[in-house]
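> For the record, the sequence lines run as chains A and B.
Plus 6 on top of the position in the first sequence (first one is 1) and you've got our numbering.
Plus 6 on top of the position in the second sequence (first one is 1) and you've got our numbering.
Since the hints were made in silico from the structure, they are not lab data.
Treat each hint with caution, since some may be false.
Put simply, identical chains are the same to the list, so a pair is met inside one copy or across any two.
What the hints assert, rightly or not - Listed below are the simulated DSSO-like cross-link pairs for lysine-lysine, each with C-alpha atoms no more than 30 Å apart in a straight line:
1) Lys248 with Lys603
2) Lys543 with Lys473
3) Lys88 with Lys464
4) Lys600 with Lys538
5) Lys600 with Lys274
6) Lys248 with Lys600
Number of protein chains: 2
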Amino acid sequence: MENIEKIRHSLAHLLAKAVLIIDPKAQLGVGPTIESGFYYDFRLSKKIDESVLAKLESLMRDAINQNLGFKPKRLKLAEAKKFFKNQPFKLELINDLAKYGTTSWQEIQTSAKTKKTKKNKISDASLYQTGDFVDLCRGGHVKKTKEIRLDAFKLTKIAGAYWRGDEKNQMLTRIYGVAFETKKELDEYLERQKTAEIYNHRVLGDQLDIFMISEKVGSGLPLFLPRGEFIKNQLINLMREKEERYGYQYVSTPVLAESALYEASGHKKYFGNEMYRFNDPEGNEVFIKPMSCPHHHMIYQRLVKSYRDLPLRLAEPGTVYRFERSGALYGLMRVRGPITQNDSHIYVDRERLADEFRNVLKLFNEFYGQIKISDKCWYRLSLPDFKGKNKEKFGGDEKLWRWAANEIKKVAVGEKLNLTIGIGEASFYGPKLDLQIRNIFGKEETLSTIQIDIVVPKRMGLFYLDKNNKKVEPIVIHRAVIGSYERFIGFFLESTRGDLPLWLSETQIMIVPIGEKHLNRAKKVAAELLAKNIRAKVSLPNESLNKRILFLEKEKIPYLAIIGDREEANGSVALRGRHRKDLGEFKLGRLIDKVKKEILTKMN
Amino acid sequence: MENIEKIRHSLAHLLAKAVLIIDPKAQLGVGPTIESGFYYDFRLSKKIDESVLAKLESLMRDAINQNLGFKPKRLKLAEAKKFFKNQPFKLELINDLAKYGTTSWQEIQTSAKTKKTKKNKISDASLYQTGDFVDLCRGGHVKKTKEIRLDAFKLTKIAGAYWRGDEKNQMLTRIYGVAFETKKELDEYLERQKTAEIYNHRVLGDQLDIFMISEKVGSGLPLFLPRGEFIKNQLINLMREKEERYGYQYVSTPVLAESALYEASGHKKYFGNEMYRFNDPEGNEVFIKPMSCPHHHMIYQRLVKSYRDLPLRLAEPGTVYRFERSGALYGLMRVRGPITQNDSHIYVDRERLADEFRNVLKLFNEFYGQIKISDKCWYRLSLPDFKGKNKEKFGGDEKLWRWAANEIKKVAVGEKLNLTIGIGEASFYGPKLDLQIRNIFGKEETLSTIQIDIVVPKRMGLFYLDKNNKKVEPIVIHRAVIGSYERFIGFFLESTRGDLPLWLSETQIMIVPIGEKHLNRAKKVAAELLAKNIRAKVSLPNESLNKRILFLEKEKIPYLAIIGDREEANGSVALRGRHRKDLGEFKLGRLIDKVKKEILTKMN
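The task is simple: from the sequences and hints, build the whole structure.
Right, here's the structure in full:
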């Protein structure tokens with residue numbers, strides 16, 4: 007275990023110890039580490055609010071100053087039950103250990119369903135003592151509490167949480183903390199959080215009228231407002247232009263399909279719980295598609311006869327929907343839908359797999375080179391774990407799996423990608439390469455993906471006739487350069503802090519007449535810019551200049567072109583960039599040149 | 007009743023009479039008139055096929071030649087039951103007359119559901135005798151059979167049909183006939199049918215790889231192949247370009263919404279049976295949207311505060327889904343989805359309603375003037391029937407209804423539209439103006455619509471602040487210039503017989519090298535055309551020239567540019583238009599000019 011993990015885990019114990027001091031009747035749940043920190047769940051005997059956090063921190067610091075150790079103890083399960091007789095949640099965990107050999111709620115639920123209780127023959131419970139506080143715990147602590155810096159942790163918030171994360175259980179009180187090895191790291195983290203609160207895409211999306219959530223429409227179903235739709239449409243058009251140049255053909259498929267399709271593809275088995283499904287009035291089981299590949303496979307069957315028809319590259323900004331628990335929903339990044347995928351399926355023979363894979367990477371590089379966030383991204387190559395216990399998860403022929411994994415690894419290494427490798431993380435139909443990014447809170451997320459499919463074509467009976475007139479299954483590359491347009495817009499808003507490049511700005515330049523008498527000139531300038539395909543608007547002089555400029559800055563309009571007496575006389579504008587940057591006086595021709603050049607670069 | 011209706015109805019009797027001659031045990035269903043003809047349903051005692059139709063026609067002509075009359079009779083219901091004691095379907099109808107006062111299956115089902123049996127106190131049955139044949143019938147016949155021209159009718163086909171159209175009932179044999187007043191009309195009709203069989207959009211859609219239906223995906227869920235998607239995308243882009251010029255703002259909304267939205271809008275009440283609905287795993291009732299207006303209304307609430315924000319014109323190529331019985335599905339014209347609407351909602355105050363309505367008509371004229379089918383279309387103005395019995399259907403204030411109906415009628419008349427008027431056909435929320443067209447079979451269909459909504463804004467609490475700071479509900483214009491893109495493509499394919507204009511042709515010109523040695527030159531020519539944004543492809547010389555040309559003609563490629571020795575030497579091509587039209591030799595520059603000019607006109 008890494009040292010920082012030990013620190014965080016130790017702090018969870020100290021938090022529980024502190025809580026028992028202010029509320030001796032508190033019942034203890036569990037206290038794991040999480041990204042950047044830890045939490046502990048309690049059933050408290052009295053209500054608390056965040057004002058108590060300072061007191062708890064101070065009690066934790068007292069414990070640290072005493073330089074306590076974490077003394078391991080092993081008790082027979084029966085003895086442990088006696089020890090925790092007043093802690094019902096701990097008792098439940100010990101009982102689970104006895105019955106299922108695990109305290110993992112997921113494993114227990116699976117066991118309960120399959121009625122297989124695989125007893126690991128656990129007879130002892132592991133406990134740790136810190137001063138007068140004893141917890142049921144697998145271990146992983148600092149040796150002495152003095153290893154924890156007094157100024158490098160902080161309790162951050164209190165929230166409700168279901169016991170074991172299951173909404174059928176009772177609601178407990180969860181206290182969160184963050185912790186690092188040094189104060190500097192903590193300060194940086196807290197600063198990042200503060201930034202994230204201003205510049206996370208939900209806040210920006212609202213402030214800039216990008217999207218809205220409507221209570222009547224429902225959770226997880228964002229509506230794109232004109233400015234957001236503009237961005238989405240620009241991105242869709244950009245990708246279409248690129249993909250057509252790369253030889254993709256666009257198709258368009260319905261959002262519904264009957265059961266037969268997903269039975270054939272295997273998605274019903276592997277994806278069932280995330281798919282919206284219902285029976286239509288004629289009794290057919292209908293699904294809302296969670297991905298477009300099975301639809302595209304039907305088009306493959308229609309269009310491909312021989313190897314001469316390969317590679318076939320089908321593309322679609324396909325809209326899919328997936329059920330997510332309401333608790334998991336988050337802005338544009340975790341939605342029920344629409345998820346508009348920048349989706350494509352490339353059908354290829356084995357001989358040309360590496361070439362096609364390389365072409366896909368070329369397109370990735372082209373796009374992410376243009377958009378200025380490639381330095382914040384890295385790739386994650388997910389391979390099957392041939393030795394692991396989840397081996398049965400990977401369908402099909404092991405030799406083929408090994409060949410395909412090797413094929414794409416060779417290309418990825420050859421292209422010198424910034425690469426991490428995840429063993430055992432392949433999809434059910436093949437190895438994959440994901441593009442990763444951190445969101446503004448520092449959490450790792452997948453932005454987009456390239457997946458090799460060596461299983462489904464055979465299962466669905468896709469084939470082509472090779473040179474010898476023999477039936478062969480194609481390999482499918484599933485790829486989404488942009489991932490989903492909605493998610494991408496979320497990340498891009500955060501990454502740019504809402505300062506969108508010109509080509510994604512619905513209004514590129516706002517002509518700002520100082521007074522009523524400059525309005526005519528402003529309208530003329532706007533018309534001239536519009537005629538040059540520059541998206542210009544006029545700010546009506548119905549409020550003071552300062553008020554209007556403040557408003558336009560909040561709206562993050564890229565350029566303000568101010569026109570007063572002098573500018574009107576000179577045939578010019580006083581140009582301001584974002585963040586009050588004075589760019590000086592521009593004659594109209596020079597302004598047009600500057601803006602048009604900037605639009606074309608698709609960069610700024 | 008029109009004379010032709012009388013002829014058709016009389017022929018239905020003569021058909022039943024003829025069937026009883028060849029199958030005296032046949033049980034008679036019903037025999038109504040339909041568009042262009044009539045049918046009669048039978049339960050036959052022996053199997054028949056279409057070879058029997060000539061015999062039946064001949065028996066019908068015999069009856070006509072006898073110049074029979076249609077003698078009316080009235081019997082007490084009890085007597086009528088005795089008379090039809092061997093005809094169980096007629097008995098069922100008589101019993102329904104006794105119980106429900108009607109034989110309409112729909113009215114009976116409604117009565118059965120609501121348990122209201124509104125007895126019209128019917129005591130007699132109406133029968134008509136023709137020679138030895140007697141039928142239960144409300145009347146409407148020719149006086150004497152000699153009024154029917156022997157050569158102006160034809161029995162066309164035999165099909166299965168559920169008794170009373172209900173799949174829970176038994177399957178009967180339906181014999182169809184067509185009939186006109188003159189042989190000329192019949193011949194024209196049959197010719198049109200023959201054409202329609204070749205050029206209906208389902209046949210063309212398949213032949214030209216426009217769309218496919220996949221059994222696994224399901225009925226009524228067409229998949230657009232690359233060539234079809236190309237057409238749809240071109241149309242969407244064209245409309246976007248136009249609509250942005252007309253001041254529309256694009257938005258993008260999910261295909262799902264929870265129950266609250268459609269309860270608020272009233273659609274749950276009025277549209278419930280056509281909407282796909284289900285419960286999600288968290289127990290929310292979710293709908294797949296059958297239209298986008300309620301979503302747009304939520305955006306209105308977000309964007310509009312005062313009259314200064316009006317008119318707000320929201321547009322979306324919104325994809326909607328509607329449940330249709332599988333029997334009603336038809337190609338792209340009657341689908342479950344996707345129905346990609348060229349949808350827009352214009353929110354306006356009363357003062358500006360007429361202006362906005364006129365602007366919408368202007369956009370209609372602009373589009374349908376460009377597309378060459380406007381001469382085949384006409385408008386249908388649907389107004390409420392203030393005196394009619396369906397008055398309760400029209401929600402809201404009668405004065406407002408009258409005002410709105412008058413307002414759009416004035417504009418429609420002022421614009422000199424080719425207009426028919428339908429009283430009592432308004433939608434539940436206001437009067438509307440539909441654009442009508444005949445499909446290739448001659449059937450009237452609605453292509454697109456403009457609807458005034460004076461009911462839903464109030465119901466949903468939409469408002470703006472007027473000049474006096476008072477809350478006022480806006481009026482909404484729902485309009486779809488193109489209707490749904492899928493339906494439009496269906497009509498347009500039929501209307502052009504698949505000869506799509508250049509701008510909708512995925513391949514505009516095919517370069518056809520006569521032999522292998524001309525391939526390089528062909529590729530060069532294609533590259534030069536591509537560089538000028540002309541979509542050119544090369545036909546590889548892997549088969550004989552004639553075979554390739556035949557294939558390309560079937561594919562309806564607009565231009566073939568053939569290159570042999572002479573053309574290669576001259577730097578030219580031998581150009582052919584559709585239908586083997588020889589256009590002569592074209593130097594490259596002249597070719598480019600010709601094609602580019604044609605693309606720009608968006609006409610041919």
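> Determine for every hint whether it applies to the structure shown.
Evaluation of the provided hints:
Both within a single protomer and between protomers do Lys248 and Lys603 lie at most 30 Å apart by alpha-carbon distance, with minima of 20 Å and 26 Å respectively. In this homomeric assembly, Lys543 and Lys473 come within 30 Å of each other (Cα to Cα) only across copies, at 24 Å, whereas the closest approach inside a single copy is 60 Å. Within a single copy, Lys88 and Lys464 get their C-alpha atoms no closer than 57 Å, and across copies no closer than 66 Å, so neither meets the 30 Å cut-off. In this homomeric assembly, Lys600 and Lys538 come within 30 Å of each other (Cα to Cα) both inside a single copy, at 12 Å, and across copies, at 27 Å.
In this homomeric assembly, Lys600 and Lys274 never come within 30 Å of each other (Cα to Cα): the closest approach is 54 Å inside a single copy and 53 Å across copies. With identical chains, the CA atoms of Lys248 and Lys600 are at most 30 Å apart both within one copy (25 Å) and between copies (28 Å).
Checked against the numbered hints given earlier, this structure breaks hints 3 and 5; the rest are met.
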